[in-house]
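K.L.:
Produce the entire structure from the sequences given, and follow the hints as far as they go.
There are 2 protein chains.
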Amino acid sequence: MSGDASPSAAAPVAAAPALATSGVVADPLVEYLLRHGDDRLVLGHRLSEWVGHAPILEEDIALGNIALDLVGQSTSLLGLAGAAEGKGRDADALAYHREAVEFRNVQLVEVPRGDFAVTMVRQFLFDAYDVLLTEALQGSAHADLAGVMAKAHKEAQYHVRHSADWVVRLGDGTGESRRRAQRALDDLWRFAAEPTTPDDVDRAMLAAGIGADLDALRPRWDASVREVFAEATLTVPEKVLPARGGRTGRHTEHLGLMLAEMQIVARSHPGATW
Amino acid sequence: MSGDASPSAAAPVAAAPALATSGVVADPLVEYLLRHGDDRLVLGHRLSEWVGHAPILEEDIALGNIALDLVGQSTSLLGLAGAAEGKGRDADALAYHREAVEFRNVQLVEVPRGDFAVTMVRQFLFDAYDVLLTEALQGSAHADLAGVMAKAHKEAQYHVRHSADWVVRLGDGTGESRRRAQRALDDLWRFAAEPTTPDDVDRAMLAAGIGADLDALRPRWDASVREVFAEATLTVPEKVLPARGGRTGRHTEHLGLMLAEMQIVARSHPGATW
Numbered sequence: 001m002s003g004d005a006s007p008s009a010a011a012p013v014a015a016a017p018a019l020a021t022s023g024v025v026a027d028p029l030v031e032y033l034l035r036h037g038d039d040r041l042v043l044g045h046r047l048s049e050w051v052g053h054a055p056i057l058e059e060d061i062a063l064g065n066i067a068l069d070l071v072g073q074s075t076s077l078l079g080l081a082g083a084a085e086g087k088g089r090d091a092d093a094l095a096y097h098r099e100a101v102e103f104r105n106v107q108l109v110e111v112p113r114g115d116f117a118v119t120m121v122r123q124f125l126f127d128a129y130d131v132l133l134t135e136a137l138q139g140s141a142h143a144d145l146a147g148v149m150a151k152a153h154k155e156a157q158y159h160v161r162h163s164a165d166w167v168v169r170l171g172d173g174t175g176e177s178r179r180r181a182q183r184a185l186d187d188l189w190r191f192a193a194e195p196t197t198p199d200d201v202d203r204a205m206l207a208a209g210i211g212a213d214l215d216a217l218r219p220r221w222d223a224s225v226r227e228v229f230a231e232a233t234l235t236v237p238e239k240v241l242p243a244r245g246g247r248t249g250r251h252t253e254h255l256g257l258m259l260a261e262m263q264i265v266a267r268s269h270p271g272a273t274w
Numbered sequence: 001m002s003g004d005a006s007p008s009a010a011a012p013v014a015a016a017p018a019l020a021t022s023g024v025v026a027d028p029l030v031e032y033l034l035r036h037g038d039d040r041l042v043l044g045h046r047l048s049e050w051v052g053h054a055p056i057l058e059e060d061i062a063l064g065n066i067a068l069d070l071v072g073q074s075t076s077l078l079g080l081a082g083a084a085e086g087k088g089r090d091a092d093a094l095a096y097h098r099e100a101v102e103f104r105n106v107q108l109v110e111v112p113r114g115d116f117a118v119t120m121v122r123q124f125l126f127d128a129y130d131v132l133l134t135e136a137l138q139g140s141a142h143a144d145l146a147g148v149m150a151k152a153h154k155e156a157q158y159h160v161r162h163s164a165d166w167v168v169r170l171g172d173g174t175g176e177s178r179r180r181a182q183r184a185l186d187d188l189w190r191f192a193a194e195p196t197t198p199d200d201v202d203r204a205m206l207a208a209g210i211g212a213d214l215d216a217l218r219p220r221w222d223a224s225v226r227e228v229f230a231e232a233t234l235t236v237p238e239k240v241l242p243a244r245g246g247r248t249g250r251h252t253e254h255l256g257l258m259l260a261e262m263q264i265v266a267r268s269h270p271g272a273t274w
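The listed protein sequences derive, respectively, from chains H and V.
Take 1 as the starting number for the first sequence in my numbering and just add one per residue.
Take 1 as the starting number for the second sequence in my numbering and just add one per residue.
Calculated directly from the structure, the hints in this document are not laboratory data.
Among the hints, erroneous ones may be present.
It does not matter which identical chain is meant; a pair holds if it fits inside one copy or across any two.
Only pairs whose alpha carbons sit at most 25 angstroms apart, straight line, appear in this in silico SDA-like list of lysine to any residue [to be verified]:
| hint | residue 1 | residue 2 |
| --- | --- | --- |
| 1 | K151 | Q182 |
| 2 | K151 | I56 |
| 3 | K87 | E58 |
| 4 | K151 | I61 |
| 5 | K87 | E59 |
| 6 | K154 | Q182 |
| 7 | K151 | S224 |
| 8 | K87 | I56 |
P.N.:
Shown next as structure tokens:
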């Protein structure tokens, strides 16, 4: 797959201006692929922390399957990022041998899993975005990205049904489950806008026919999450200071801790299998 | 599924003598279903501990999928055990609300995951048994058990290819990987015999047409693992004192620790979803 990565997309991307992010002049295509790969890698790992600890076996399996979908998508996207970068780094090198400041995921996905309500509200906020993002990127001019996202879109449709069902079930459930779901939404809402907030990388990729139009996607995402939260009888916070910076490498301290744990095996034995 | 559990098998099972295990007179069918459900639940959890920590993303996903297969099988088998028991306990109740002494898994599956070599050698020892067990139990007179095992057999065929490949790759790999694989085999071999060692429960289930013939299965398992270890250039230990007791509730201290972690969420909030 890496050998013929995006020949169709090479020309417009090369023509796009190099962008300064975190002080490093970066190729916007590489940045773009890393962003979407990192979102899935980090969220997949957060979800997988539930495996073996979910309150019911069926949900343990469901969360595990969603985690594996996301990590699988990240493997493909990081592989494309490595190929586009052209420095010989593969998906594993990018996953296991970058520092937190080099990660390009939104902060939403790195927040600790919290309780089940936090996990599900966060998952729903992401899934509601992801199902629209993957739908749009199926039509990307970057053929390999389009292929990965077409498969991811099928998975995202299942994911968002699952997490939306849980949000409604928790919000419209017992007093305790409702209280926890509302608290989760209150805590997480400030992270909710970052995925649909475009910057120069997004605009360059949109102009090149590669990226999604986040300005068009944002109101659809907003309407869909508000509809589900209303059904869940949860109140969307009115005024919050939106968290930003994940896309350019500014992360909460939680990401570093997660990566330390995730990367220790690979880093302790470079090139080995444990 | 639970409503029509094994009508065909009810008569011979009822005729089988009740057995004393761990001081409790138990129904051999319930014991038998718990054994195979617990093996998969415990091993699935041990494997899932790797998710997010495997040295390569592809293997992270592969181990995660195998873990989910096993936990899925355990959910079915514990569901059948609960139905056969007739006390209203479902799979979740059996998974999350039993103490270690009530678990019926072999000790092999409860040993800590160790390094990647321990994980893979243990997995192979189990898979090589499981592929033969599930093959045999596809023909069980207990229709529901046969159905679960027919599906499990397809999965086990994949599992044993995967773990056998890894054992060969590790054993016949670098000096370090070979050293670790040999140490894993040396440490684990004493746990290897328990799954294929029949006791009164196995004999009662075999007589009822429900269970597998472990005496027939044992030499096939032994030949298949020795063949793979030979290809891996690993030496099977000659004399070890076999570990036993898991089937009747005698476990290593490791199981209690694993269960404490696995059960805490379900026990902290009975009936809730976190």
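K.L.:
All hints are to be evaluated individually against the structure, with a verdict given for each.
P.N.:
Comparing the hints with the structure gives:
When the C-alpha separation of K151 and Q182 is checked against a cutoff of 25 angstroms, the pair qualifies neither within a copy, at 33 angstroms, nor between copies, at 41 angstroms. Taking the closest pair of Cα atoms, K151 and I56 come within 25 angstroms of each other only across two copies (22 angstroms); inside a single copy the shortest separation is 28 angstroms, beyond that limit. In the homo-oligomer, the alpha carbons of K87 and E58 lie at most 25 angstroms apart only across protomers (21 angstroms), although the nearest pairing inside one protomer, at 42 angstroms, exceeds that limit. Taking CA atoms no more than 25 angstroms apart as the test, K151 paired with I61 passes in both settings, with 21 angstroms inside one copy and 16 angstroms between copies.
When the C-alpha separation of K87 and E59 is checked against a cutoff of 25 angstroms, the pair qualifies only between copies, where the shortest distance is 23 angstroms, while the shortest distance within a copy is 40 angstroms. Proximity of K154 and Q182 under a CA criterion of 25 angstroms is satisfied in neither setting, with 29 angstroms inside one chain copy and 43 angstroms between copies. In this homomeric assembly, K151 and S224 come within 25 angstroms of each other (Cα to Cα) only inside a single copy, at 22 angstroms, whereas the closest approach across copies is 38 angstroms. In this assembly of identical chains, the alpha carbons of K87 and I56 lie at most 25 angstroms apart only when taken from different copies (19 angstroms versus 44 angstroms within one copy).
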